[in-house]
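Number of protein chains: 2
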Amino acid sequence: MQGYIDLVNSGLSELLYDVCDGQDYIVEAMNYSLSNGGKRIRPVLTLEFCRACGGNPEDALCLACAVEMIHTYSLIHDDLPCMDNDDFRRGKPSCHKAYGEEYALLAGDGLLTLAFETALKSKNIESGNLIEAVKTLANLAGVSGMVGGQVLDLQSENLSPSLEKLQTVDRLKTGALIKAAALLGCYASNRADEKMLAAAERYSECIGSAFQIVDDILDVTSTSEELGKPVGSDEKNNKMTYVALMGIKNSEKEAERLTDEAIAALECFADEGSFLKELALTLSKRKS
Amino acid sequence: MQGYIDLVNSGLSELLYDVCDGQDYIVEAMNYSLSNGGKRIRPVLTLEFCRACGGNPEDALCLACAVEMIHTYSLIHDDLPCMDNDDFRRGKPSCHKAYGEEYALLAGDGLLTLAFETALKSKNIESGNLIEAVKTLANLAGVSGMVGGQVLDLQSENLSPSLEKLQTVDRLKTGALIKAAALLGCYASNRADEKMLAAAERYSECIGSAFQIVDDILDVTSTSEELGKPVGSDEKNNKMTYVALMGIKNSEKEAERLTDEAIAALECFADEGSFLKELALTLSKRKS
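Chains as they are written, first to last, in our numbering: chain A, 666 to 953; chain B, 666 to 953.
The set of hints was computed from the structure by calculation and includes no laboratory data. Keep in mind it's a predicted model, so treat the numbers as computed, not measured. Do not rely on the hints blindly, as some may be mistaken.
[What the hints assert, rightly or not] To be clear about the criterion: a stretch of chain B counts as covered by chain A if any three or more of its residues have a C-beta under 8 Å from a C-beta of chain A, and this derived list gives those stretches:
id : region
1  : 767-775
2  : 782-788
3  : 809-815
[As the list claims (entries may be wrong)] Using 27 Å as the maximum straight-line C-alpha spacing, the simulated DSSO-like pairs for lysine-lysine come out as follows:
id : chain 1 : residue 1 : chain 2 : residue 2
4  : B       : Lys788    : A       : Lys786
5  : B       : Lys800    : A       : Lys800
6  : A       : Lys788    : A       : Lys830
7  : B       : Lys788    : A       : Lys762
[To be verified] Partner residues are not named here, just some residues of chain B that face chain A (Cβ under 10 Å, in silico):
id : residue
8  : Gln688
9  : Leu819
10 : Gln820
11 : Pro826
Think of the CB as a built atom: it goes at the ideal place given N, C-alpha and C, for glycine as much as any other residue.
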């Protein structure tokens, strides 16, 4: 895991400073958010799915970094005053607090655009697979995926909460990009068959849903020291959560069921699925 | 010209409604801005450069629409309160006035992302050329190009005006995407040689610069009826313009010189360059 994270971190800063001549301020803003201590789950999924399909994970590095850039841009835009109006992100001032709203907007736009440039810089991926990968990324990051989830999230503020609505928002808002991360790794291997792509899809859907449920549980059961942010904020903000809709016990059971299902989906990878199995278990048992 | 514009307009709405199941509100916001009567200069350049290089313009349609989507997203984000705070765009309420700020932000994000999905849907373009085309688009739309120009534009508000600064901002903020439009057409033809690419680059740089200068001249010499927006707004907003820095006479001369240079750059296309020659002349003599 740490090897992958180091690879992603050095890839990200290299790819960022590569393009951006004479644009110190905006590049600093982009880098500020990119290096703000994320878990790097998405890029790790890309690298490891590439390896599990029989490819070289380094060939998937540009795609992995592209996914993380898109994740980061979405957080920057999500924190803006016209959206969630969050002054803090992971204990540090959010991008618009540190660099100004207009620059945060452009840092997000810049990261989203750089993600596609970066993805297309991939070496050793067959052209047809690379085109398919980047098209999948755009589809799952856009109105049919992540952006669409953000829209539904805004719209659901005025609707009565329901499990179905919550699942739809989560499937798009966070699930779509996690799915993209897994699928992109498969494409990067140049060796993924239909079975592997289906497995990556099912696995990523399940860990994506489990991840959201665990998030909601931790907001109730954790301490602010463990979590690194205030607990109980969901209830305070009247947020639609799994805990509010299903109770804690059922939420825990559902997260466990989804984790089991994710692991079962890895069957076609046999022994090569063990890292991904561990990852699913670690995410379900995390304390922050 | 009108044939191209019709092709682009029907392409845009088809490509937009293709992806966006169950997202009526945001798709409406995206379509509102996409169909707000732009001149479609960029997509027309893409289609015609494809033809001039010996290709079929219809093969370039997805790339042409992608460029126009990126142009449109940049206008939506540019109009936002944290940027230029413009309530109107081409005489109609700007996107955030019509749909709300949060939805305008996401409509812009959605269009930028859709542009890359659309570009990669291109048929009949060799994979290598398509990858090169979309990488070029991302590079010229991002921090090294258009987004970088918007950053420099913001930063120049606090600096003393100079011709050099103005030219740098314009070269990136509007010139980069016009250049992308021309180059993408060449790539789409599958037949462009180095000479044609260099010609497209020079032609688009020249008409891009001339376009800006004519804009500044019209703001002083036109009437609001002809222009369809208030005249004299540059001086009122204390904007750095060619007219303020060079005077009207020299601005007119420079626009003429750039138009001549654009036309001269078309030499390698021989007779196939005549539409592009007319386009350069039309743009330099336009009244709005």
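The hints, checked one at a time:
Under the rule that three or more residues need a Cβ within less than 8 Å of chain A, the assignment of the region 767-775 of chain B holds, with 7 such residues. Under the rule that three or more residues need a Cβ within less than 8 Å of chain A, the assignment of the region 782-788 of chain B holds, with 3 such residues. With 4 residues bearing a CB less than 8 Å from a CB of chain A, the region 809-815 of chain B meets the requirement of three and the coverage assertion stands. Proposed proximity of Lys788(B) and Lys786(A) is supported: the alpha carbons are some 21 Å apart, at most 27 Å.
Note on Lys800(B) and Lys800(A): the hinted pairing holds, with a Cα-Cα distance of about 13 Å set against a maximum of 27 Å. Of the pairs offered as hints, the one joining Lys788(A) and Lys830(A) is violated, with about 40 Å between alpha carbons and a cut-off of 27 Å exceeded. Only pairs whose Cα atoms come within 27 Å are accepted, and Lys788(B) paired with Lys762(A) is rejected, the gap being roughly 44 Å. Contact between Gln688(B) and chain A, as hinted, is supported at the beta carbon level, the nearest pair being about 5 Å apart and thus within 10 Å.
Using the Cβ-Cβ criterion of 10 Å, the hint placing Leu819(B) at the interface with chain A is satisfied: the shortest such distance is roughly 6 Å. Interface restraint check: Gln820(B) against chain A, minimum CB-CB distance 7 Å, threshold 10 Å, status holds. Evaluation of the Pro826(B) hint against chain A yields a violated restraint, the C-beta minimum of about 19 Å exceeding 10 Å.
Comparing the model with each numbered hint stated earlier shows that hints 6, 7 and 11 do not hold.
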